[in-house]
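There are 2 protein chains.
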Amino acid sequence: MNSGLIGLDWGSTQLRAYLYDGQGQVLEKRTFSHGIRHLPEGGFAAAFAQAVEHWPDVPVLACGMVGSRNGWLEVPYLDTPTSVDRLAGALSILVANGRTLHLVPGLRDPARPDVMRGEETQVVGVVAQSPEVARHGCLLLPGTHSKWVSLREGVVAGFATVMTGELFGLLTQQSILGAQLPPAVDDDHAFRRGVSMARDSGAAGALSCVFSARTLMLDGVLAPSSVSDYLSGLLIGDEMRIAIAAGWADASSSVHMVGEGALCDRYLKAAEMFGLTVHKAPDATTSHGLWRIADAAGLITTQATA
Amino acid sequence: MNSGLIGLDWGSTQLRAYLYDGQGQVLEKRTFSHGIRHLPEGGFAAAFAQAVEHWPDVPVLACGMVGSRNGWLEVPYLDTPTSVDRLAGALSILVANGRTLHLVPGLRDPARPDVMRGEETQVVGVVAQSPEVARHGCLLLPGTHSKWVSLREGVVAGFATVMTGELFGLLTQQSILGAQLPPAVDDDHAFRRGVSMARDSGAAGALSCVFSARTLMLDGVLAPSSVSDYLSGLLIGDEMRIAIAAGWADASSSVHMVGEGALCDRYLKAAEMFGLTVHKAPDATTSHGLWRIADAAGLITTQATA
Numbered sequence: 001m002n003s004g005l006i007g008l009d010w011g012s013t014q015l016r017a018y019l020y021d022g023q024g025q026v027l028e029k030r031t032f033s034h035g036i037r038h039l040p041e042g043g044f045a046a047a048f049a050q051a052v053e054h055w056p057d058v059p060v061l062a063c064g065m066v067g068s069r070n071g072w073l074e075v076p077y078l079d080t081p082t083s084v085d086r087l088a089g090a091l092s093i094l095v096a097n098g099r100t101l102h103l104v105p106g107l108r109d110p111a112r113p114d115v116m117r118g119e120e121t122q123v124v125g126v127v128a129q130s131p132e133v134a135r136h137g138c139l140l141l142p143g144t145h146s147k148w149v150s151l152r153e154g155v156v157a158g159f160a161t162v163m164t165g166e167l168f169g170l171l172t173q174q175s176i177l178g179a180q181l182p183p184a185v186d187d188d189h190a191f192r193r194g195v196s197m198a199r200d201s202g203a204a205g206a207l208s209c210v211f212s213a214r215t216l217m218l219d220g221v222l223a224p225s226s227v228s229d230y231l232s233g234l235l236i237g238d239e240m241r242i243a244i245a246a247g248w249a250d251a252s253s254s255v256h257m258v259g260e261g262a263l264c265d266r267y268l269k270a271a272e273m274f275g276l277t278v279h280k281a282p283d284a285t286t287s288h289g290l291w292r293i294a295d296a297a298g299l300i301t302t303q304a305t306a
Numbered sequence: 001m002n003s004g005l006i007g008l009d010w011g012s013t014q015l016r017a018y019l020y021d022g023q024g025q026v027l028e029k030r031t032f033s034h035g036i037r038h039l040p041e042g043g044f045a046a047a048f049a050q051a052v053e054h055w056p057d058v059p060v061l062a063c064g065m066v067g068s069r070n071g072w073l074e075v076p077y078l079d080t081p082t083s084v085d086r087l088a089g090a091l092s093i094l095v096a097n098g099r100t101l102h103l104v105p106g107l108r109d110p111a112r113p114d115v116m117r118g119e120e121t122q123v124v125g126v127v128a129q130s131p132e133v134a135r136h137g138c139l140l141l142p143g144t145h146s147k148w149v150s151l152r153e154g155v156v157a158g159f160a161t162v163m164t165g166e167l168f169g170l171l172t173q174q175s176i177l178g179a180q181l182p183p184a185v186d187d188d189h190a191f192r193r194g195v196s197m198a199r200d201s202g203a204a205g206a207l208s209c210v211f212s213a214r215t216l217m218l219d220g221v222l223a224p225s226s227v228s229d230y231l232s233g234l235l236i237g238d239e240m241r242i243a244i245a246a247g248w249a250d251a252s253s254s255v256h257m258v259g260e261g262a263l264c265d266r267y268l269k270a271a272e273m274f275g276l277t278v279h280k281a282p283d284a285t286t287s288h289g290l291w292r293i294a295d296a297a298g299l300i301t302t303q304a305t306a
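Chains as they are written, first to last, in the working numbering: chain A, 1 to 306; chain B, 1 to 306.
Just so you know, these hints were derived from the structure itself, not from any lab.
Hints may be right or wrong, so weigh each one.
For each label pair, taking beta carbons as the anchor points, the in silico distance ranges come out as [said to hold, decoys possible]:
hint: 1; chain 1: A; residue 1: G247; chain 2: B; residue 2: V185; range: 30 to 38 angstroms
hint: 2; chain 1: A; residue 1: P182; chain 2: B; residue 2: P40; range: 25 to 33 angstroms
hint: 3; chain 1: A; residue 1: D265; chain 2: B; residue 2: A111; range: 15 to 23 angstroms
hint: 4; chain 1: B; residue 1: S196; chain 2: A; residue 2: S252; range: 25 to 33 angstroms
hint: 5; chain 1: B; residue 1: E53; chain 2: A; residue 2: R69; range: 54 to 62 angstroms
hint: 6; chain 1: A; residue 1: D219; chain 2: B; residue 2: A157; range: 17 to 25 angstroms
hint: 7; chain 1: A; residue 1: P56; chain 2: B; residue 2: V185; range: 46 to 54 angstroms
hint: 8; chain 1: A; residue 1: K280; chain 2: B; residue 2: G154; range: 52 to 60 angstroms
Partial list, computed: chain B residues near chain A (C-beta under 10 angstroms) [claimed, not checked]:
hint: 9; residue: P110
hint: 10; residue: S208
hint: 11; residue: V210
hint: 12; residue: I242
hint: 13; residue: G247
Coverage of chain B stretches by chain A, computed from C-beta distances (three or more under 8 angstroms per stretch; other residues unrestricted) [to be verified]:
hint: 14; region: 117-128
hint: 15; region: 165-172
On a predicted model such as this, the values are computed, not experimentally measured, just so you know.
Just so you know, even glycine gets a beta-carbon here, dropped at the ideal spot from N, CA and C.
The whole structure should be built from the sequences, with the hints applied where relevant.
In structure tokens form, the structure reads like this:
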């Protein structure tokens, strides 16, 4: 039997563990709520032991916030521009429970400055499955902290974070715009109104008109239960507006979006209203990325079949 | 003795009461924490009775959130463009504790849409003291919800709200950028760095680079205790950037700023970095505005001196 790999995607709120065979196929996937902010008694070592229990003694590669300042071991960032091979050559090592963990460094764009941890492995996963993206691609990873990543000739040229998801949470839960409202109801019209408002704000941007969420409600134009969808449209629309204004994306080329579910559907809808072409990237980007980095780092020992 | 006036500036967090003589001089000022969100037992009537206790039986004029949906009596907004005389002709009346209160309507800019309550009285107060502003002026009222007001030929032509203060509170107290930091320390250099970052963000705007507050700290460039001043500069700088991008202000004319204290000093500093000329408007704008509106509404009965 060929040697395999254990991959860990260890973020702030979740820990996902993958057991691979020697060809990179995922044999088993385990998910725990033991993100680095929600560790069990015994901390990192206990969470790790539970995640890999009864799995064979194969190399372990981990990415994500586990390598951050508040993680298990702080792993320095690698500056962009950088290639997969540089990531693979900069792994940090930690020994625990008789196993050796290899930690993927995060990336840092010194020009902005900006940082990511975990998304770099997703980017590697996309490139592994869609090599043409690596030549001249724009990746969008929507989320609490959305990332826009620029690829040129096989290297990550640079990237930027927009805090759309976190800002949406703050405005809907804590601000005068969203607090004390009834439960949100799906309202596609309100979402599109928000996207239009952001688009029409031009260079001023959505912060110049975000108070409209309140005035439209006072006017009776927006139902209180639709304010949430309006704000979602306004902020996702502003992210699109920003991406175009900053030159991260343009109407002449495609954006490859990593992710799935309702959030990505919102981004697709907003992008269309801006005339941006967005393709959904292949699924399971993190597990593919972990395998690809482990392979580049020489952690995978392929044995000749008998 | 001439008849006078009682003026109330009744906002969300504070209630200020002014007793005027017959010539508009403030004889006494009382301040209470009984904003409409912090009423005493007995509610509005009790707060009002306490505020005017032992004062003569003169007309009462009130502005601010007391006239909002969650106030004592909801007073409809007046749409812009509108003049002081239209405000004075649209007072609502409420009888309480044997006194008659007149409530100033808020303003609504239907083009955005946007609303204000209380600031319209400050605008009237500025114009009463600096008539030249009314011809072609731009007023800035910094605060939780900053207002930019455009005056043309004596009328309020339009206005816009930027939620700079509220957003600053959310980002410094609740977001990943500001939560769990040590107490803030004054850092003028960090503030100016934030203003520069917003200015240099161009049409993309400060939301495209607000995550830099975290990365600069991780880089060791920004002390954790200086993140607050950096974010303050970034958001106030973005407000200036927005005002210029939206055409509310430009380098060829002056902005008149209403307010005092440390917040206004920050705005002055940021405006200078954008090449905007900002003059501080006269103080006591609300009490002047209340008097001016009461006069226009015929509430002041001037008697011939003996």
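Each hint, compared with the structure:
1. At about 36 angstroms, the beta-carbon gap between A:G247 and B:V185 stays in the expected band of 30 to 38 angstroms.
2. The supplied range of 25 to 33 angstroms is met by A:P182 and B:P40, whose beta-carbon atoms lie about 29 angstroms from each other.
3. Roughly 32 angstroms separates the CB atoms of A:D265 and B:A111, a value that falls outside the hinted 15 to 23 angstroms.
4. Between B:S196 and A:S252 the Cβ separation comes to about 31 angstroms, which falls inside the hinted range of 25 to 33 angstroms.
5. For B:E53 and A:R69, the hinted distance range of 54 to 62 angstroms is satisfied, since their beta carbons lie about 57 angstroms from each other.
6. Taking the beta carbon of each, A:D219 and B:A157 are about 20 angstroms apart, inside 17 to 25 angstroms as hinted.
7. Separated by about 53 angstroms at the C-beta atoms, A:P56 and B:V185 satisfy the suggested range of 46 to 54 angstroms.
8. The hinted window of 52 to 60 angstroms between A:K280 and B:G154 holds, with their beta carbons roughly 56 angstroms apart.
9. Interface restraint check: B:P110 against chain A, minimum CB-CB distance 9 angstroms, threshold 10 angstroms, status holds.
10. Satisfaction of the interface hint for B:S208 is found here, the shortest Cβ-Cβ separation to chain A being roughly 5 angstroms, below the 10 angstroms cut-off.
11. The criterion of a C-beta within 10 angstroms of any C-beta in chain A is met by B:V210, whose closest approach is roughly 6 angstroms, and the hint holds.
12. A cut of 10 angstroms between beta carbons decides the hint on B:I242: the least distance to chain A is about 5 angstroms, and the hint holds.
13. A hinted interface residue such as B:G247 counts as satisfied when its beta carbon comes closer than 10 angstroms to some beta carbon of chain A; here the least separation is about 9 angstroms, so the hint holds.
14. Given a C-beta distance limit of less than 8 angstroms, the hint that chain A covers the region 117-128 of chain B is violated, as 0 residues qualify and 3 are needed.
15. Here the region 165-172 of chain B counts 4 residues with a CB under 8 angstroms from a CB of chain A, which clears the bar of 3, and the coverage holds.
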